[in-house]
Structure formats: C-alpha cells, structure tokens
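S.K.: What follows is each chain in one-letter form.
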Amino acid sequence: MDSALIPKGVTRCSPGRFFLWTLPWLGLLAWGLVSAFLCLYKGLNQTNMTNYFAFALWIVFDLGVIALGAGAFFTGFLTYIIGKKELKDIINSAVIIGFICYSGAVAMLGIDIGQPLRGWFIFWHANVHSMLTEVSFCITTYLGVLLIEYIPIILENRKIEEIRELRLFGNNLHEIMAVFAATGTFLSFFHQGSLGGMYGVMYARPFAARGGFYIWPWTFFLFILSAIAAGPSFTILCTKLAEKITRKRLVPDKAFQTLAKISGSLLAVYIVLKIIDTIAWAYGIVPKAGLTFMDFYKEGPYGVWLVVAEIGIFGILPAIILLIPKARQTEGWLIAGCLMNCTGIVLNRFVFVVVTLAIPVMPFDKFVSYLPTWQEWGISLAVIGYGFLLYSLSYRYLPVFPKEKELNAA
Amino acid sequence: MLPFIFEWQWNVDHIIFFGFLYLALGIVGLGITVAAVKTVFQLMGFMRERHFH
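Protein chains in written order, with the working numbering: chain A, 1 to 410; chain B, 1 to 53.
By construction, these hints were calculated from the structure, which means they are not laboratory data.
If you only want the chain A side, here are some residues facing chain B, beta carbon under 8 Å, derived:
| # | residue |
| --- | --- |
| 1 | 123 |
| 2 | 126 |
| 3 | 141 |
| 4 | 165 |
| 5 | 172 |
| 6 | 176 |
| 7 | 179 |
| 8 | 180 |
| 9 | 186 |
| 10 | 187 |
Quick list of simulated restraints, FRET-style, between CB atoms:
| # | chain 1 | residue 1 | chain 2 | residue 2 | range |
| --- | --- | --- | --- | --- | --- |
| 11 | B | 2 | A | 332 | 50 to 60 Å |
| 12 | B | 48 | A | 377 | 51 to 61 Å |
| 13 | A | 125 | B | 25 | 14 to 24 Å |
| 14 | A | 2 | B | 48 | 32 to 42 Å |
| 15 | B | 48 | A | 42 | 50 to 60 Å |
| 16 | A | 249 | B | 5 | 47 to 57 Å |
| 17 | A | 405 | B | 13 | 49 to 59 Å |
C-beta atoms are modelled at their ideal positions from N, C-alpha and C, and glycine is treated no differently.
Use the sequences and the hints to build the structure in full.
M.R.: Right, here's the structure in full:
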C-alpha cells in the first residue's frame with residue numbers, strides 16, 4: 001500500500017503491522033492531548049504544582065529530554081566540525097532524536113506556562129539578566145536549527161525526491177550543514193549551561209547554590225558537560241533499540257564505538273568535576289549557610305542514597321564501563337553503560353528540580369512532598385509516545401541509516 | 001527586543017544578549033537564503049547540480 005514511499009533496497013513490515021505498532025504510542029498521545037486540553041481549559045489546578053513546587057514533573061522531563069537530546073548537537077559538532085566521518089552513519093538518527101526531544105520539551109513548556117497565548121512575552125519583553133530568558137531564546141532558536149537539519153532527511157524520501165526543486169533544495173541545505181551544526185553547537189552550549197546556571201545562582205537555596213567563574217556558577221559548566229556526556233549515550237540507546245525492534249543492523253559498530261568512547265571519556269571528566277564540586281559545596285557553601293551536609297538528606301524519601309546513586313552507581317560505574325574497550329565492545333555492557341549514564345543525568349536533573357524545592361529554607365517552612373496528577377503524567381508520557389511515532393515514521397519512510405542496505409545484504 | 005521598541009536600552013547587557021541572538025538568527029537565515037538562491041540558479045541552469053550522500 002505504501003511501498004512507493006519506502007526507501008529503495010530496504011524492507012519494512014506490512015502497513016497493518018506498522019499500524020498495530022503505532023497504537024500504544026497513539027494511545028499515549030491521546031492521553032496527553034486530553035490532559036493538555038484540561039490544563040488549557042481549566043487551568044493549572046489540574047496539576048499538583050503549588051507555590052512550593054512551581055517547577056515539577058514537566059520541568060524534570062524538560063531538563064531530562066533536553067540533556068538527552070544533546071546527542072544531536074554534539075554528534076553534529078563531531079561529524080561536521082571535527083570531521084569524525086564514521087558518525088555520518090548515525091547523524092540522521094541523532095538529529096531525529098534531538099528534534100523529538102526539543103520539540104517535545106517546547107510543547108510541554110507551552111502547557112507549563114499556563115497561558116500559552118502570552119508565551120511570546122518572554123521574547124518581546126525580555127529580561128536580559130535572566131538565565132531562563134536565555135534558555136527560552138536558545139531552545140526555540142535551536143529547535144529551528146534542528147528543523148533545518150531534519151528537512152534534508154525528509155526531502156530524501158523516495159517520492160519527495162522525485163520533485164527536482166525539493167531535491168535540489170535538500171542537497172543545498174546538506175552542503176552547508178556545517179554552518180547550521182556550528183550555530184546549533186553555540187546555541188546548545190549556552191542553553192544547556194544556563195539551565196544549570198539558573199540553579200547555581202539560587203543563593204537563597206543553599207542546596208542548589210554554587211560558587212563560580214565571573215557570572216557563571218559551576219553548575220553552568222557541569223550541565224553542559226553532563227549533557228554532552230549523556231546525549232551520545234542516548235543516541236546509541238535509541239539506535240540500538242531500533243536495531244532490536246527491527247531485527248536488523250542499522251549502523252556499523254565503529255560509529256557506536258566512537259560515540260561510546262567519547263561519551264565515556266566526557267562522563268569520566270564530568271564525574272571527577274562533580275565530585276570536586278560536591279566536596280567544595282559541602283565544605284564551603286553549606287557551612288556558610290549554617291547547615292551541615294546531612295541536613296539536606298534527613299527528610300522525606302530524599303536521603304543520602306541519592307548522592308550515592310547519582311555519582312556512584314549511575315556516574316562512576318557507566319564511565320568505567322564505557323571507557324574499557326572490551327566492555328563497550330560487548331553489546332550488553334554497551335547498552336548497560338549507556339542506560340546507566342542516561343539514568344544518572346535524569347536523576348541529576350530530578351535532584352536539581354524537585355529536591356531543591358522540597359528542602360525547607362526558612363525556619364517556618366516544612367518539608368513538602370509532591371506527587372504528579374494523571375494529567376501531569378499524561379502530558380509527560382505523550383512526549384514518549386510522540387517520540388516513538390515520529391522515529392518510527394522516519395525510519396519507515398526516510399533513508400535514516402545510509403548503511404542499512406549494505407549491512408543487511410544477503 | 002528591537003532597538004526601536006520602548007523597552008530597549010542602549011547598554012552592554014542588551015547589546016550582548018540580543019547581539020548574539022540576532023547573530024545566530026542571521027546565520028540561520030543567511031544559510032537558508034543561500035540554499036534557496038542556489039536552488040533557483042540550478043533550476044535556471046546557471047549552476048551545476050551536486051549530490052551529497
């Protein structure tokens with residue numbers, strides 16, 4: 001039925017089977033749309049956000065997917081600027097994952113701001129001293145860059161390519177992709193950093209506040225480093241998942257190995273700096289605030305286990321796994337290492353968003369817990385449904401993996 | 001946001017913040033324009049078609 005749209009020389013499942021595969025993701029999307037309608041129609045009272053938790057599940061998801069989506073800009077930087085040619089076999093996948101992450105995050109923010117019709121205020125009445133303003137500018141501009149990087153892949157569709165004008169435009173965009181990749185790297189560098197910087201400058205909240213260099217707290221640099229360490233691992237994970245589901249080899253192992261090695265090396269550097277940062281914070285900012293390290297971990301479910309999990313289990317361990325060539329060459333260990341790396345970064349963002357707000361800062365404050373409503377879950381999980389749908393459609397109809405035919409010959 | 005809007009201030013903060021934003025937007029816009037103009041030239045036969053795969 002749709003065979004004319006499928007790339008030449010590759011096989012895809014039947015349209016019926018593909019439709020069945022999309023059903024759960026369409027279900028998640030429908031749940032998200034109902035939740036979004038309720039939030040827009042009735043207001044943010046549909047959530048469990050309060051004056052204590054102005055940032056909640058959606059921002060955890062936002063910060064998580066934006067960090068994981070960093071694989072797009074960093075792989076683009078390695079491919080087009082540094083010249084790692086083997087990554088050309090995985091760059092399309094990285095771009096699509098990045099586009100899904102950023103467009104999903106922006107859509108979720110559209111609901112989170114409560115009044116999307118006034119969303120343009122942040123651009124028009126910009127507060128140039130706000131890290132969040134800079135994040136908004138960079139994320140939206142970078143989403144535009146990702147769209148430009150995605151368009152040539154769409155224009156390579158078998159049927160679209162028959163239209164000469166579109167084929168030529170796609171080729172010409174492809175030719176100057178290094179310019180877009182460099183712009184994307186610049187924009188990503190600053191918004192990843194400013195997301196961290198936003199927490200580092202919260203001087204009234206000693207759990208998050210940090211010292212720094214000039215106007216940038218150390219969290220600015222740690223967020224950039226953690227994103228470029230986790231992003232490539234997420235690209236590997238998604239591509240490996242696509243290989244498992246389709247039961248095909250899609251990308252040569254060399255591309256996986258290059259990305260895994262870079263991801264592991266950056267994670268190792270990040271973890272060393274994170275440990276130094278944690279020690280400096282515990283012996284510097286915490287005592288100055290009249291507190292001790294353990295004061296932050298004595299209430300609610302957020303104990304010192306969080307530090308052990310974030311730095312030890314999901315930080316040091318995956319760095320070791322990804323740095324040892326024999327370990328990362330074994331598929332199971334490679335997947336485990338990447339999964340732990342991504343988990344660690346999401347845990348880090350959770351700690352900064354939720355735990356920072358849960359810990360009391362005034363003598364009359366109390367520890368407040370927070371559980372998301374089904375509407376909050378609906379909108380967050382819709383991003384996952386949307387991601388699976390867009391990636392599946394792209395894989396089915398676009399030549400996402402240039403070596404697919406060659407790797408699956410015979 | 002723009003120098004002719006009443007909220008604009010001629011100070012280093014505004015110039016740096018918006019300067020980098022307009023630089024990024026300018027590069028992206030210029031890139032798309034270059035690709036579009038080249039496409040038109042190729043369609044009119046003034047430039048040779050190239051393939052990138």
